[in-house]
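Protein sequences appear in the order of chains A and B.
FYI, in numbering that gives the first Met the number 0 the residues of the first sequence are 0 to 469.
FYI, in numbering that gives the first Met the number 0 the residues of the second sequence are 0 to 469.
Some hints here could point you the wrong way.
Remember, identical chains collapse to one label, so a pair may be satisfied in a single copy or spanning two.
[Claimed, not checked] Straight-line Cα separation of at most 27 angstroms, BS3-like style, residue types lysine-lysine; simulated pairs:
{"hint": "1", "residue 1": "K98", "residue 2": "K28"}
{"hint": "2", "residue 1": "K78", "residue 2": "K292"}
{"hint": "3", "residue 1": "K47", "residue 2": "K171"}
{"hint": "4", "residue 1": "K39", "residue 2": "K114"}
{"hint": "5", "residue 1": "K98", "residue 2": "K78"}
{"hint": "6", "residue 1": "K114", "residue 2": "K28"}
{"hint": "7", "residue 1": "K114", "residue 2": "K329"}
{"hint": "8", "residue 1": "K310", "residue 2": "K126"}
{"hint": "9", "residue 1": "K139", "residue 2": "K310"}
{"hint": "10", "residue 1": "K396", "residue 2": "K178"}
{"hint": "11", "residue 1": "K459", "residue 2": "K294"}
{"hint": "12", "residue 1": "K126", "residue 2": "K326"}
{"hint": "13", "residue 1": "K376", "residue 2": "K408"}
{"hint": "14", "residue 1": "K344", "residue 2": "K329"}
{"hint": "15", "residue 1": "K98", "residue 2": "K139"}
{"hint": "16", "residue 1": "K310", "residue 2": "K326"}
{"hint": "17", "residue 1": "K329", "residue 2": "K126"}
{"hint": "18", "residue 1": "K28", "residue 2": "K72"}
{"hint": "19", "residue 1": "K232", "residue 2": "K441"}
{"hint": "20", "residue 1": "K467", "residue 2": "K178"}
{"hint": "21", "residue 1": "K232", "residue 2": "K28"}
{"hint": "22", "residue 1": "K171", "residue 2": "K237"}
{"hint": "23", "residue 1": "K344", "residue 2": "K408"}
{"hint": "24", "residue 1": "K47", "residue 2": "K310"}
{"hint": "25", "residue 1": "K396", "residue 2": "K114"}
It is worth saying that the hints were derived from the structure and are not from the lab.
Number of protein chains: 2
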Amino acid sequence: MLPPKDSFSEWYHELIQQAEIMDIRYPVKGLYVWLPFGFKIRQLVYSKLREILDRDHQEVYFPTLIPEDMLMKESEHIKGFEDEVYWVTHGGLEPLEVKLALRPTSETAIYPMFKLWIRSHADLPIKIYQIVNVFRYETKHTRPLIRLREVTSFKEAHTAHRTYEEAEEQVKSAIEIYKEFYDFLIIPYLIFKRPEWDKFPGADYTIAFDTLMPDGRTLQIGTVHNLADNFAKTFDIKYETPEGDHAYVHQTCYGISERCIASLIAIHGDDLGLILPFEVAPVQIVIIPILYKGKEEGVLELSRRLYERLKNFRVVLDESDERPGAKYYKWELKGVPIRFEIGPKEYENDEVVVSFRDERRKFRVKFDEVSDDLILKWAKEMRERLRSRAIESVKGKVVFCESLDDVAKSVEGRRLALVHVCEKCERELESYGSVLGQMQEKPDWLNVELEGECVVCRGKGYLVGVAKTY
Amino acid sequence: MLPPKDSFSEWYHELIQQAEIMDIRYPVKGLYVWLPFGFKIRQLVYSKLREILDRDHQEVYFPTLIPEDMLMKESEHIKGFEDEVYWVTHGGLEPLEVKLALRPTSETAIYPMFKLWIRSHADLPIKIYQIVNVFRYETKHTRPLIRLREVTSFKEAHTAHRTYEEAEEQVKSAIEIYKEFYDFLIIPYLIFKRPEWDKFPGADYTIAFDTLMPDGRTLQIGTVHNLADNFAKTFDIKYETPEGDHAYVHQTCYGISERCIASLIAIHGDDLGLILPFEVAPVQIVIIPILYKGKEEGVLELSRRLYERLKNFRVVLDESDERPGAKYYKWELKGVPIRFEIGPKEYENDEVVVSFRDERRKFRVKFDEVSDDLILKWAKEMRERLRSRAIESVKGKVVFCESLDDVAKSVEGRRLALVHVCEKCERELESYGSVLGQMQEKPDWLNVELEGECVVCRGKGYLVGVAKTY
């Protein structure tokens with residue numbers, strides 16, 4: 000049995016295992032095994048990310064190992080990572096001449112190649128991405144898909160442009176990409192500009208996507224960095240302008256890790272297990288024949304006909320020996336969006352019983368009415384219901400605060416506090432929780448003002464989030 | 000300009016770069032960057048491999064890092080790898096308590112989990128695979144896609160069965176999988192059982208696929224290992240039999256690395272560059288408008304109409320400013336199977352000029368005749384031509400030898416020597432080259448006998464390959 004979702008941490012921990020997403024028994028802290036079912040979710044989710052990026056990015060693959068001198072070149076950057084880099088020091092029984100870092104992220108592997116690739120303004124922009132494993136020596140509490148020592152599926156995009164303004168346009172375009180991706184996953188998000196002290200090491204500024212987990216802590220599920228010409232100066236990446244001058248490129252990078260899957264699990268699931276949006280469900284439809292002695296034949300025949308008819312989808316006909324109840328339990332746990340049940344009565348009336356994972360009420364339809372179009376209509380309706388549910392759940396954990404007391408209480412009570420503050424006073428909020436930074440756009444489901452009176456000094460302020468974070 | 004293919008090593012080295020498969024300037028020996036064009040080939044090739052495996056395997060992902068004690072558990076196995084394992088010894092600035100190996104292959108990461116997964120005979124067989132990066136501290140001469148320190152795309156499958164016989168059946172089934180895969184890539188192969196002294200460390204026996212590179216050296220492009228219960232005993236992987244006893248499982252594993260892409264490049268390419276089979280070409284068709292002043296409009300209009308018509312394929316309409324000759328050169332280098340040229344004359348006559356990458360003769364067809372079906376017919380014919388060419392090329396480098404002198408001369412002259420030998424005398428062949436082992440089946444393009452008189456002792460022998468290898 001799964002713990003109730005109200006005990007979020009236990010629920011998440013158990014669900015990951017029981018739904019066969021990961022095996023968490025690998026004997027190194029922070030390293031987990033993707034099981035076949037979980038791996039399929041990963042594939043479906045990342046296929047979508049690839050599809051969106053492929054419109055105007057090119058996929059590449061850079062080496063995992065970064066020599067010490069390359070990694071160390073950008074001083075801000077390395078300060079941000081030096082405590083969590085894994086170092087390869089030996090090959091076979093011999094010490095290496097140059098230590099090799101396991102990439103924590105790939106700026107320092109990629110940008111020396113950018114220097115070789117970029118000659119003239121005609122080479123720009125460059126937009127590439129890769130989906131790779133990256134490594135962090137996490138000393139904090141680790142958690143599958145959320146805080147890992149090997150992030151197995153880090154999507155990192157890197158771009159180079161002529162000017163700061165073009166880089167800024169790319170930041171906007173990356174934000175649109177991430178919005179499309181998370182809208183596809185039906186994950187509500189808030190977009191913040193991280194405060195100066197919390198930006199990506201080496202960046203000019205960092206925009207982050209945060210969602211709210213069921214326990215009221217925020218989860219950062221995507222970041223977009225304008226690097227300006229900071230790395231270009233370090234790695235000497237220049238181009239010849241149309242006028243024949245030489246100028247540094249301006250860069251951006253933006254990343255999404257398998258936290259996208261953590262949020263998918265956490266936001267949509269319920270006490271019975273996963274609830275997967277139709278588009279990313281490894282099994283979209285399950286058909287369960289209800290067998291009574293002497294009446295198996297017709298029921299199986301109708302079940303198989305239904306299975307054949309639904310072959311355009313990822314459909315399973317569960318003919319195993321388990322009892323129907325055990326089958327319901329199993330496929331509910333795995334988040335299958337649509338379930339059909341067919342028993343002797345259904346066979347006699349040429350009907351099927353239908354149940355949706357999120358609603359669980361049962362109803363009947365005539366066998367002949369079941370078609371691809373009907374399934375897609377149901378999937379679309381379910382998508383709308385999931386969206387409303389997800390927004391309700393997240394919205395209930397966001398509080399607009401008019402005083403610092405309110406902020407303190409809200410964060411303490413595991414809410415995301417939104418409050419107006421000015422740049423000068425923003426850092427004061429740090430004593431209440433993590434400062435997520437300035438909200439960049441108002442989601443349509445949230446009724447707040449992006450500008451207002453600073454809660455500290457009553458000067459002109461902007462809207463800032465404060466929360467406990469993962 | 001590309002060196003001629005006769006200078007194979009230089010040709011290969013240059014082609015990898017000029018065709019934009021990899022950037023070889025990454026500043027660590029044996030590590031390379033997959034460029035977008037190369038990455039697409041990789042994706043197309045590995046999609047096929049996935050498609051074949053997905054029929055009865057499940058894809059998973061295991062961690063990259065293997066603790067020292069786990070890696071060291073199987074003594075034969077570790078002896079085979081200890082000189083080439085990369086060791087992670089530090090996290091941040093601290094030494095790790097337990098050293099972590101970068102997986103050279105994943106038996107020792109996976110089998111402790113098999114122990115947890117397998118309880119009863121009903122849990123068997125298990126058939127999983129993963130496509131991952133693996134690491135070898137190569138001290139020999141490294142070469143892109145062939146000898147690497149990071150193999151970025153190692154497909155490794157791992158299975159567990161009840162009995163030795165079932166494992167042996169799986170070996171056969173894996174061989175069929177690899178045959179299908181290499182037939183798809185139109186790569187001729189020979190299948191050998193590696194001699195005892197060259198089997199996979201820890202295996203009962205090893206079956207290998209070898210192809211012949213243009214320089215007459217063999218390239219091992221796939222291996223299948225029957226592990227018997229060797230690893231099961233080390234990792235204590237037992238199951239309850241139907242009779243209630245406990246027995247060790249029997250295992251197999253089989254791997255293919257990006258050498259499959261090396262062989263694709265090396266076998267099919269020519270002096271002008273890549274020749275890619277239609278199915279794995281990132282660009283399958285290129286359309287080149289030949290523009291003369293004043294006659295651009297009609298030519299471009301017809302070219303664009305052709306482009307629209309061929310949208311079901313990976314088609315490029317090259318409207319860049321380069322001259323037609325430069326465009327031909329570029330797309331020939333990149334191995335595009337079908338080229339269309341459209342100039343003013345073609346526009347007037349409602350025709351197109353066609354040229355196939357492997358033949359390079361030009362001919363005309365009426366615009367209206369160009370259809371998906373015609374393209375597929377051409378692709379099929381080209382596939383047959385590539386097959387004949389590839390077989391001719393490989394066959395010319397295989398020599399059946401009737402004396403040890405012959406073997407010596409053949410291997411020295413960069414041929415693969417086939418010779419009958421008995422088990423007792425097999426090792427004597429080592430002084431002539433690498434002994435590939437006993438040929439498992441006769442390819443239909445090769446006229447040899449699998450059995451014959453031992454070249455050394457004149458006893459009963461089997462057919463063995465001897466060659467210089469990569």
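These are the hints, each one checked on the structure:
no.	hint	result
1	K98 / K28	both (23 angstroms within a copy, 13 angstroms between copies)
2	K78 / K292	neither (70 angstroms within a copy, 59 angstroms between copies)
3	K47 / K171	within (20 angstroms within a copy, 36 angstroms between copies)
4	K39 / K114	between (37 angstroms within a copy, 23 angstroms between copies)
5	K98 / K78	both (17 angstroms within a copy, 24 angstroms between copies)
6	K114 / K28	between (38 angstroms within a copy, 19 angstroms between copies)
7	K114 / K329	between (53 angstroms within a copy, 23 angstroms between copies)
8	K310 / K126	between (38 angstroms within a copy, 24 angstroms between copies)
9	K139 / K310	neither (46 angstroms within a copy, 51 angstroms between copies)
10	K396 / K178	within (20 angstroms within a copy, 57 angstroms between copies)
11	K459 / K294	neither (75 angstroms within a copy, 63 angstroms between copies)
12	K126 / K326	between (47 angstroms within a copy, 24 angstroms between copies)
13	K376 / K408	neither (44 angstroms within a copy, 72 angstroms between copies)
14	K344 / K329	within (24 angstroms within a copy, 67 angstroms between copies)
15	K98 / K139	both (25 angstroms within a copy, 19 angstroms between copies)
16	K310 / K326	within (21 angstroms within a copy, 44 angstroms between copies)
17	K329 / K126	between (43 angstroms within a copy, 22 angstroms between copies)
18	K28 / K72	between (30 angstroms within a copy, 20 angstroms between copies)
19	K232 / K441	neither (35 angstroms within a copy, 60 angstroms between copies)
20	K467 / K178	within (23 angstroms within a copy, 55 angstroms between copies)
21	K232 / K28	between (38 angstroms within a copy, 26 angstroms between copies)
22	K171 / K237	within (23 angstroms within a copy, 56 angstroms between copies)
23	K344 / K408	neither (56 angstroms within a copy, 80 angstroms between copies)
24	K47 / K310	both (21 angstroms within a copy, 21 angstroms between copies)
25	K396 / K114	neither (46 angstroms within a copy, 43 angstroms between copies)
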